[in-house]
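**Q** Here is how the chains run, residue by residue.
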Amino acid sequence: NAGVTQTPKFQVLKTGQSMTLQCAQDMNHNSMYWYRQDPGMGLRLIYYSASEGTTDKGEVPNGYNVSRLNKREFSLRLESAAPSQTSVYFCASSRDRGYGYTFGSGTRLTVV
Amino acid sequence: RKEVEQDPGPFNVPEGATVAFNCTYSNSASQSFFWYRQDCRKEPKLLMSVYSSGNEDGRFTAQLNRASQYISLLIRDSKLSDSATYLCVVTGGGADGLTFGKGTHLIIQP
Chain A
82 NAGVTQTPKF QVLKTGQSMT LQCAQDMNHN SMYWYRQDPG MGLRLIYYSA
132 SEGTTDKGEV PNGYNVSRLN KREFSLRLES AAPSQTSVYF CASSRDRGYG
182 YTFGSGTRLT VV
Chain B
203 RKEVEQDPGP FNVPEGATVA FNCTYSNSAS QSFFWYRQDC RKEPKLLMSV
253 YSSGNEDGRF TAQLNRASQY ISLLIRDSKL SDSATYLCVV TGGGADGLTF
303 GKGTHLIIQP
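Chains as they are written, first to last, in the working numbering: chain A, 82 to 193; chain B, 203 to 312.
No lab work stands behind these hints: they were computed from the structure. Be a bit skeptical, because a hint or two may be false.
Stated by the list, open to error - Listed next, with one range per pair, are the computed distances between beta-carbon atoms:
1) A:Arg189 to B:Lys281: 25 to 33 Å
2) A:Asn143 to B:Gly256: 35 to 43 Å
3) B:Arg268 to A:Glu154: 36 to 44 Å
4) B:Leu276 to A:Glu154: 35 to 43 Å
5) A:Gly181 to B:Ser270: 18 to 26 Å
6) A:Thr191 to B:Gly256: 36 to 44 Å
The model shown is predicted, which means the values in this text are computed figures rather than measured ones. Beta carbons are placed, not taken as given, at the ideal position from N, Cα and C, and that holds for glycine.
The following block holds chain B by itself, in its conformation from the complex (with noise of 0.2 Å):
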């Protein structure tokens, strides 16, 4: 198993919809947990931290599921510039502490 899977899609979602995607992860011990965002031939940034009683950032939801070793990403009332692809990342299992999925690319249609 992978340490870190995403499903590398494309989600195909139109304008106003409300998508989630999910990340799982092989390592029990991992303690930190983070969703990026990269837009298309830029470098990713820092969406949100998922901390253990989940967290709210706008339209933006992110949870945690220990027991069964995800993460969620929600993403409420879609705009178009919410399309990019969306990188899960995880501490533990890589040599610099972090791991990181080889993400979801999103496309938000009009």
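Pulled out of the complex, with its shape left as it was, chain A reads as follows (with noise of 0.2 Å):
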């Protein structure tokens, strides 16, 4: 029972590097998002995805792209990281918009 999975837990990386977030979930659920937190922030929307074939911005979309592979997948990509993107990363999958979510563990990212 996996529920929603991120890879990897942990991510440092130079100024001007590139990556990409995985996050699978095994719920059979429609919806997917990427959020960041930062201190004093609060959760805030990068991207999500209604459902498989769309995805749409959140809140704080520059700079990070995303990929809804399939209904399971959701990736988000940092082309060109920047300090200003050092953050801890968390995957969430839905049923559907408005329902309840169930996040991932997080990705603790340091840009240098």
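The two chains are supplied separately, each in an independent frame; assemble them into the complex guided by the hints.
**A** Rendered as structure tokens:
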């Protein structure tokens, strides 16, 4: 009963490097989300995918791209990492928009 | 007015006490409400949904007041393990249909 699986758990990047955060869910959920969480800022939505084949911007999409590879997988890509992207990233999924989320365990990203 | 507001705390409460905190929301059209719990350096986890008639799960009780647009969480007989940040979540407002509060930090002291 894996739920939502995120990889990697930790990552250190140099400014300008790129990387992809992977997320997969096994609950047959339609909707998937990427959030970042910073101290004092709460959870902020980066991108979401309401259903397979669709993606939409959230509150803070700049510097990120996403791919909904199939119903199970939703990846987040940083093309040219910046120190401002140092954060904890959470992937989540839900049956549909507006339903309760199940979160992955998070990726702690540091950009130096 | 922010969409979802919570007192950030911290609430320092002795073990065994009862503690309650509220969350106010601005979107009167919101239909679904949730409380999530987040432990330090962990992901948020669903604690309970909040129904119009209220919801009780063991030591935890959640209430909804639509007229005043707030939800509440009551914890009875608090345990050390209840120490966490409690996030209020409301449908409507966010791009994805959910709006998260920034959380209330609860510390249960022995």
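**Q** Taking 36 to 44 Å as the hint, is the beta-carbon distance of threonine 191 of chain A and glycine 256 of chain B inside that range?
**A** holds (43 Å)
**Q** Could you see if the CB distance from leucine 276 of chain B to glutamate 154 of chain A stays within 35 to 43 Å?
**A** holds (39 Å)
**Q** Between the beta carbons of arginine 189 of chain A and lysine 281 of chain B, is the distance compatible with 25 to 33 Å?
**A** holds (28 Å)
**Q** Could one say that the CB atoms of glycine 181 of chain A and serine 270 of chain B fall in the range 18 to 26 Å?
**A** The hint (18 to 26 Å, Cβ to Cβ) holds, given that glycine 181 of chain A and serine 270 of chain B are roughly 23 Å apart.
**Q** Given the range 36 to 44 Å, decide if the beta-carbon distance of arginine 268 of chain B to glutamate 154 of chain A lies inside it.
**A** holds (38 Å)
**Q** Would you say the C-beta atoms of asparagine 143 of chain A and glycine 256 of chain B sit inside 35 to 43 Å of each other?
**A** holds (41 Å)
In summary, the structure agrees with every hint in the numbered list given earlier.
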